[in-house]
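S.K.: Generate the whole structure from the sequences, applying the supplied hints.
Heads up: the protein sequence lines correspond to chains U and S, in order. In case it helps, the numbering used here puts the first sequence at residues 1 to 84. In case it helps, the numbering used here puts the second sequence at residues 85 to 168.
Please keep in mind that the hints were generated in silico from the structure rather than gathered at the bench. Small disclaimer: the values here were computed from a predicted structure and weren't measured. Don't take every hint at face value.
Below 27 Å or equal to it, Euclidean Cα-Cα: the simulated DSS-like pairs (lysine-lysine) are [as the list claims (entries may be wrong)]:
{"no.": "1", "chain 1": "S", "residue 1": "87", "chain 2": "U", "residue 2": "3"}
{"no.": "2", "chain 1": "U", "residue 1": "64", "chain 2": "U", "residue 2": "79"}
{"no.": "3", "chain 1": "S", "residue 1": "87", "chain 2": "U", "residue 2": "79"}
{"no.": "4", "chain 1": "U", "residue 1": "79", "chain 2": "U", "residue 2": "3"}
{"no.": "5", "chain 1": "S", "residue 1": "148", "chain 2": "U", "residue 2": "64"}
{"no.": "6", "chain 1": "S", "residue 1": "107", "chain 2": "U", "residue 2": "79"}
{"no.": "7", "chain 1": "U", "residue 1": "41", "chain 2": "U", "residue 2": "3"}
{"no.": "8", "chain 1": "S", "residue 1": "125", "chain 2": "U", "residue 2": "64"}
{"no.": "9", "chain 1": "U", "residue 1": "3", "chain 2": "S", "residue 2": "163"}
{"no.": "10", "chain 1": "U", "residue 1": "79", "chain 2": "S", "residue 2": "125"}
{"no.": "11", "chain 1": "S", "residue 1": "163", "chain 2": "U", "residue 2": "64"}
{"no.": "12", "chain 1": "S", "residue 1": "148", "chain 2": "S", "residue 2": "125"}
{"no.": "13", "chain 1": "S", "residue 1": "107", "chain 2": "U", "residue 2": "41"}
{"no.": "14", "chain 1": "S", "residue 1": "148", "chain 2": "U", "residue 2": "23"}
{"no.": "15", "chain 1": "U", "residue 1": "3", "chain 2": "U", "residue 2": "23"}
{"no.": "16", "chain 1": "S", "residue 1": "125", "chain 2": "U", "residue 2": "3"}
{"no.": "17", "chain 1": "U", "residue 1": "79", "chain 2": "S", "residue 2": "163"}
{"no.": "18", "chain 1": "S", "residue 1": "107", "chain 2": "S", "residue 2": "87"}
{"no.": "19", "chain 1": "U", "residue 1": "64", "chain 2": "U", "residue 2": "41"}
{"no.": "20", "chain 1": "U", "residue 1": "64", "chain 2": "S", "residue 2": "107"}
{"no.": "21", "chain 1": "U", "residue 1": "41", "chain 2": "S", "residue 2": "163"}
{"no.": "22", "chain 1": "S", "residue 1": "163", "chain 2": "S", "residue 2": "87"}
{"no.": "23", "chain 1": "S", "residue 1": "125", "chain 2": "U", "residue 2": "41"}
{"no.": "24", "chain 1": "S", "residue 1": "163", "chain 2": "U", "residue 2": "23"}
{"no.": "25", "chain 1": "U", "residue 1": "3", "chain 2": "U", "residue 2": "64"}
{"no.": "26", "chain 1": "S", "residue 1": "148", "chain 2": "U", "residue 2": "41"}
{"no.": "27", "chain 1": "S", "residue 1": "148", "chain 2": "S", "residue 2": "87"}
{"no.": "28", "chain 1": "S", "residue 1": "125", "chain 2": "S", "residue 2": "163"}
{"no.": "29", "chain 1": "S", "residue 1": "163", "chain 2": "S", "residue 2": "148"}
Listed below, chain by chain, are the residues.
2 protein chains.
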Amino acid sequence: MTKVNVFVTLRESVLDPQGVAVKDALHSMGYAEVSDVRIGKFLELTIDESERDLDTAVREMCEKLLANTVIEDYRYEIKEEERA
Amino acid sequence: MTKVNVFVTLRESVLDPQGVAVKDALHSMGYAEVSDVRIGKFLELTIDESERDLDTAVREMCEKLLANTVIEDYRYEIKEEERA
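M.R.: Written out as structure tokens, the structure reads:
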């Protein structure tokens, strides 16, 4: 059993209206020092052992389903294997 | 200028229907080894220098706006300061 953390973020060049809304809300709450907010997704996958290569499988999942690679970037970290 | 990464995740005890939907989609794509998916938010804050303590400010922002602490947990990491 392995835990994989996937981070999906909007590409730098893509506008992030949700991030702008949160930044504006923080400003109106008095946190004027916040100059930028970008919001992405954070996915925690639990993956059982299989004959497939983990790294390849995770990359495929990101490309095919988890990220929209036209507007999003992704990165992932494979955590220490855990014995069930 | 400091970058702060905030991770907001649903508490363990709270159902995550979006995660279940993604898990089911991965299964139907042939990735049967994925046993669990939990989906959270990942926020990248850029914070200018201020007289406020950064750690306290970030914790306040999480408690008041970024996370709903009734159903969500949060953690954050303060990245190396960057000279503008």
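S.K.: A separate judgement is required for each hint: does it hold in the structure or not?
M.R.: Now for the hints, and whether the structure bears them out:
Simply put, residue 87 (chain S) and residue 3 (chain U) have alpha-carbon atoms about 25 Å apart, close enough for the 27 Å limit, and the pair holds. A hinted pair counts as satisfied when its Cα atoms are at most 27 Å apart, and residue 64 (chain U) with residue 79 (chain U) qualifies at roughly 22 Å. Restraint check for residue 87 (chain S) and residue 79 (chain U): the C-alpha separation of about 23 Å stays at or below 27 Å, so the hint holds. At roughly 5 Å between alpha-carbon atoms, residue 79 (chain U) and residue 3 (chain U) fall within 27 Å of each other, so this suggested pair holds.
Only pairs whose Cα atoms come within 27 Å are accepted, and residue 148 (chain S) paired with residue 64 (chain U) is rejected, the gap being roughly 36 Å. Taking the CA atoms of residue 107 (chain S) and residue 79 (chain U), the gap is near 19 Å; set against the 27 Å cutoff, the hint holds. Our distance criterion of 27 Å between C-alpha atoms is met by residue 41 (chain U) and residue 3 (chain U), whose separation comes to about 16 Å. With a C-alpha separation of about 20 Å, the suggested pairing of residue 125 (chain S) with residue 64 (chain U) holds against the 27 Å cut-off.
The hinted pair formed by residue 3 (chain U) and residue 163 (chain S) meets the criterion: a straight-line CA distance of about 23 Å does not exceed 27 Å. Using a Cα cut-off of 27 Å, the hinted pair residue 79 (chain U) and residue 125 (chain S) holds, with the two alpha carbons roughly 19 Å apart. With a CA separation close to 31 Å, the supplied pair residue 163 (chain S) and residue 64 (chain U) exceeds the 27 Å bound. For a cut-off of 27 Å, the pair hint linking residue 148 (chain S) to residue 125 (chain S) stands: about 16 Å separates their Cα positions.
Annotation: proposed proximity of residue 107 (chain S) to residue 41 (chain U) holds, straight-line Cα distance about 15 Å (limit 27 Å). Simply put, residue 148 (chain S) and residue 23 (chain U) have alpha-carbon atoms about 13 Å apart, close enough for the 27 Å limit, and the pair holds. Among the hinted pairs, residue 3 (chain U) with residue 23 (chain U) is inconsistent with the structure: their alpha-carbon atoms are about 31 Å apart, more than 27 Å. In summary, the hint linking residue 125 (chain S) to residue 3 (chain U) is supported, as the alpha carbons are separated by about 17 Å, within the 27 Å threshold.
At most 27 Å may separate the alpha-carbon atoms for a hinted pair to count; residue 79 (chain U) and residue 163 (chain S) meet this at roughly 20 Å. With a CA separation close to 31 Å, the supplied pair residue 107 (chain S) and residue 87 (chain S) exceeds the 27 Å bound. A C-alpha spacing of about 16 Å is found between residue 64 (chain U) and residue 41 (chain U), which places the hinted pair at or below 27 Å, so the restraint holds. Proposed proximity of residue 64 (chain U) and residue 107 (chain S) is supported: the alpha carbons are some 13 Å apart, at most 27 Å.
With a C-alpha separation of about 19 Å, the suggested pairing of residue 41 (chain U) with residue 163 (chain S) holds against the 27 Å cut-off. Under the criterion of a C-alpha separation no larger than 27 Å, the hint pairing residue 163 (chain S) with residue 87 (chain S) is consistent with the structure, at around 5 Å. Between the alpha carbons of residue 125 (chain S) and residue 41 (chain U) the distance comes to roughly 5 Å, so the proposed pair stays at or under 27 Å and holds. The straight-line distance between the Cα atoms of residue 163 (chain S) and residue 23 (chain U) is roughly 19 Å, inside the 27 Å bound, and the hint therefore holds.
For the given pair, residue 3 (chain U) sits about 19 Å from residue 64 (chain U) by alpha-carbon distance, which is consistent with the 27 Å threshold. A threshold of 27 Å between alpha carbons decides the hint, and for residue 148 (chain S) with residue 41 (chain U) the separation of about 20 Å falls inside it, so the pair holds. Between residue 148 (chain S) and residue 87 (chain S), the direct Cα distance comes to roughly 19 Å. Compliance with the 27 Å bound is thereby established for this hinted pair. A C-alpha spacing of about 18 Å is found between residue 125 (chain S) and residue 163 (chain S), which places the hinted pair at or below 27 Å, so the restraint holds.
The straight-line distance between the Cα atoms of residue 163 (chain S) and residue 148 (chain S) is roughly 22 Å, inside the 27 Å bound, and the hint therefore holds.
Checked against the numbered hints given earlier, the structure breaks hints 5, 11, 15, 18 and satisfies all the rest.
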